[in-house]
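Colleague: Chains as they are written, first to last, in the working numbering: chain A, 1 to 377; chain B, 1 to 278.
Worth flagging that the hints you see were computed from the coordinates, not collected in a lab.
It is possible that some hints are incorrect.
[What the hints assert, rightly or not] Once the Cα atoms are required to be at most 35 Å apart in a straight line, the calculated DSBU-like pairs of lysine-lysine come out as:
hint, chain 1, residue 1, chain 2, residue 2
1, B, LYS168, A, LYS30
2, A, LYS66, B, LYS168
3, B, LYS168, A, LYS108
4, B, LYS168, A, LYS113
5, A, LYS105, A, LYS66
6, A, LYS178, B, LYS168
7, B, LYS100, A, LYS74
8, B, LYS168, B, LYS100
9, B, LYS168, A, LYS102
10, A, LYS105, B, LYS100
11, A, LYS133, B, LYS100
12, B, LYS100, A, LYS21
13, B, LYS100, A, LYS209
14, B, LYS168, A, LYS105
15, B, LYS104, A, LYS102
16, A, LYS74, A, LYS113
17, B, LYS168, A, LYS120
18, A, LYS30, A, LYS74
19, A, LYS209, B, LYS104
20, A, LYS102, A, LYS30
21, B, LYS104, A, LYS74
22, A, LYS21, B, LYS168
23, B, LYS168, A, LYS133
24, A, LYS21, B, LYS104
25, B, LYS100, A, LYS66
26, B, LYS168, A, LYS168
27, B, LYS100, A, LYS102
28, B, LYS168, A, LYS209
29, A, LYS133, A, LYS30
30, A, LYS113, A, LYS30
31, A, LYS74, B, LYS168
[Stated by the list, open to error] Not the full set, but computed from the structure, chain A residues with beta-carbon under 8 Å of chain B:
hint, residue
32, LEU53
33, MET80
34, ALA100
35, LEU103
Think of the CB as a built atom: it goes at the ideal place given N, C-alpha and C, for glycine as much as any other residue.
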Amino acid sequence: MAEIFFDNICKTFPGGVEAVKDFTLTIHDKEFMVFVGPSGCGKSTTLRMVAGLEEITDGTIRIGDKIVNDVPPKDRDIAMVFQNYALYPHMTVYQNMAFALKLRKYPKQERDKRVHDAAKILGIEELLERRPKALSGGQRQRVAVGRAIVRHPAAFLFDEPLSNLDAKLRVEMRAELKRLHATLETTTIYVTHDQEEAMTLGNRIVVMKDGVIQQCGAPLEVYNSPTNRFVAGFVGTPPMNFFAGSLTGDDGDLWFDEGSFRIRLEKQQADHLGSWTGRDMICGVRPEAMGLVGDGRFAGRDNTITVRVNVIEPFGESMDIYVATPKHPHIVARTEARSDIEPDQNLKLHLDMSRIHIFEPGDMGANLSRKGEPAVV
Amino acid sequence: MPLRVSKKKEAIKHAMLWFVLLLAFFPLLLMFVVSFKNNDQFMNNPWWFDAVSDWQWENWAKAWGIVSNYIANSVVVAVAAVTLCLVMAVPTAYVMARYKFPGKGVLYYALVGSMFLPGTAATLVTMFMLIRSLGLVNNLLALILVGSVGGQIVSVFILRQFIEDIPKELFESARIDGAGHFGQIRNIVLPMSGSVLGTLAIMQFLGSWNSLMLPLLVLRDDELWTIPVGLMALDGEYVKQWGDMMAGFSIAALPLVILFFFTMRFFVKGLTAGAVKG
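Go ahead and model the full structure; you've got the sequences and the hints to work with.
Modeller: Written out as structure tokens, the structure is:
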């Protein structure tokens, strides 16, 4: 078991491409940390630097008490699971799982015990004599995980391990990995581009873009209080809606004026954002922060917008309504299911004003509504 | 109607295949036929077997007495050359496929470029001088060294392509598991490239087995002769004993036929390796 420290890690590839910039982070012992971000954001490169498969251009990585910058992969006491499983095709499942132990000259009895223990945990005991090509995707994934856990390493590194599985199996394996982490309590770094996977698996998640940490925090903290517009748009399905407009003052209140509608911000927000009055801003609203009826959390004055319905996607208990304002044609609201809403009708949506975010303009605009300091990294 | 046309086309295709096959096998058949004849029988009926009672079995016994030593020499040279060649080619191809280092491109293309240099014709004299200066004239080691170096470039070229096609995650996984370079070669490259290695080994073996010019120049003592040189000596100075000669040729061909029979599956698989995504 070990903590993993990143101190100002930089990675520049030949040709000058900066993949990771000033990456500083502490992953606590037994923590399940997820690196998430779009393709090319540097998450896999960072993971590979921990594994020793990629050289570190600048900064230091520490696993436990040991600085590992120049330590070869085999001596870092880590185990890695790859996206394509990387099972040795000419070896049986047993041989695959025992391979690392054999290279480390563990006695046969110990190898046997560890492989059978891991196989039991993962429910793959009956597969031990098969070769990888005779296994399904899910079984291969289990074997890949098994190969990692027989080592009893200080940390597990997962590089998009579920990406090759179909949607149903992915959900199953997600739960399995979570259970496994709860059982083994090994420090884990998990890389994915799937924000849903990140939200469900991680104790904390790191959202990255262009090699830079955008936010690090507990999944719900990142979801409810994103640091900037990129994080707000990346985390959450369907993504947050953004309205371009401006902050205006009127009757002692602070309003967000989109042009086709205006909403009055809550007093707490108004106090916080008063100094930005008169400036162009972006208003972010999560799909589930829009309701069809103005009661409960949607109750209030001046919190409605009128939209035109484009498409309805019912999911049983809830539904997604794709709507448009004259200025913003792609807005989505997630509401309770109702059968009286038709495409092309005008609809009044009530906003949960406690969950309104005001961002500075631009794709990376800071979230001005965030209360308190940015999450400690 | 279209079916009949297609059948006709099929028939023509098959006829052509049989014709090519016949052309390829006819000399071998003749060799076998003549190996059971004496010179009189050969003059009277060179094209087909005589009655079994007239077969000259002693041709084979006589030829075996002569060529068995040459076959042993050829086996020693071919096996040693092939082994040495692959022992050097595999690590070279591994480094070329897996690692980046300054000058790698130049080195690789220089190696590959040397494949286009004319072989025996251009290098025979210089090679002989080199062998002489090494003191290896009349020594099988000369053939082993030249044979192993000669097949090197093609082997590196083919193996490099093959190793590049092995997913890099397998090597990375092995590195994390604790395998060094030789560990990765032993545990990943060798088990996964069995068919390619088999193909290369057969190709190199054939090359070494059939090599005539260099052994002819280098080997002086007849007990060191390899099979092609020995077979030339079967060709008598004044009278050709066709039956003896052909029996000797048949015996010389047998090891290759046996080798190919047992490794054909590897050979065909290896020739198409990397052609399609596996």
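Colleague: Look at each hint and say if it fits the structure.
Modeller: Against the structure, the hints come out as follows:
no., hint, in the structure
1, B:LYS168 with A:LYS30, "holds (30 Å)"
2, A:LYS66 with B:LYS168, "holds (27 Å)"
3, B:LYS168 with A:LYS108, "holds (29 Å)"
4, B:LYS168 with A:LYS113, "holds (30 Å)"
5, A:LYS105 with A:LYS66, "holds (23 Å)"
6, A:LYS178 with B:LYS168, "holds (28 Å)"
7, B:LYS100 with A:LYS74, "holds (21 Å)"
8, B:LYS168 with B:LYS100, "holds (14 Å)"
9, B:LYS168 with A:LYS102, "holds (21 Å)"
10, A:LYS105 with B:LYS100, "holds (31 Å)"
11, A:LYS133 with B:LYS100, "holds (31 Å)"
12, B:LYS100 with A:LYS21, "holds (24 Å)"
13, B:LYS100 with A:LYS209, "holds (28 Å)"
14, B:LYS168 with A:LYS105, "holds (25 Å)"
15, B:LYS104 with A:LYS102, "holds (34 Å)"
16, A:LYS74 with A:LYS113, "holds (22 Å)"
17, B:LYS168 with A:LYS120, "holds (29 Å)"
18, A:LYS30 with A:LYS74, "holds (21 Å)"
19, A:LYS209 with B:LYS104, "holds (34 Å)"
20, A:LYS102 with A:LYS30, "holds (27 Å)"
21, B:LYS104 with A:LYS74, "holds (27 Å)"
22, A:LYS21 with B:LYS168, "holds (26 Å)"
23, B:LYS168 with A:LYS133, "holds (18 Å)"
24, A:LYS21 with B:LYS104, "holds (30 Å)"
25, B:LYS100 with A:LYS66, "holds (28 Å)"
26, B:LYS168 with A:LYS168, "holds (28 Å)"
27, B:LYS100 with A:LYS102, "holds (29 Å)"
28, B:LYS168 with A:LYS209, "holds (26 Å)"
29, A:LYS133 with A:LYS30, "holds (34 Å)"
30, A:LYS113 with A:LYS30, "holds (24 Å)"
31, A:LYS74 with B:LYS168, "holds (16 Å)"
32, LEU53, "holds (5 Å)"
33, MET80, "holds (5 Å)"
34, ALA100, "holds (4 Å)"
35, LEU103, "holds (4 Å)"
Checked against the numbered hints given earlier, the structure satisfies every one of them.
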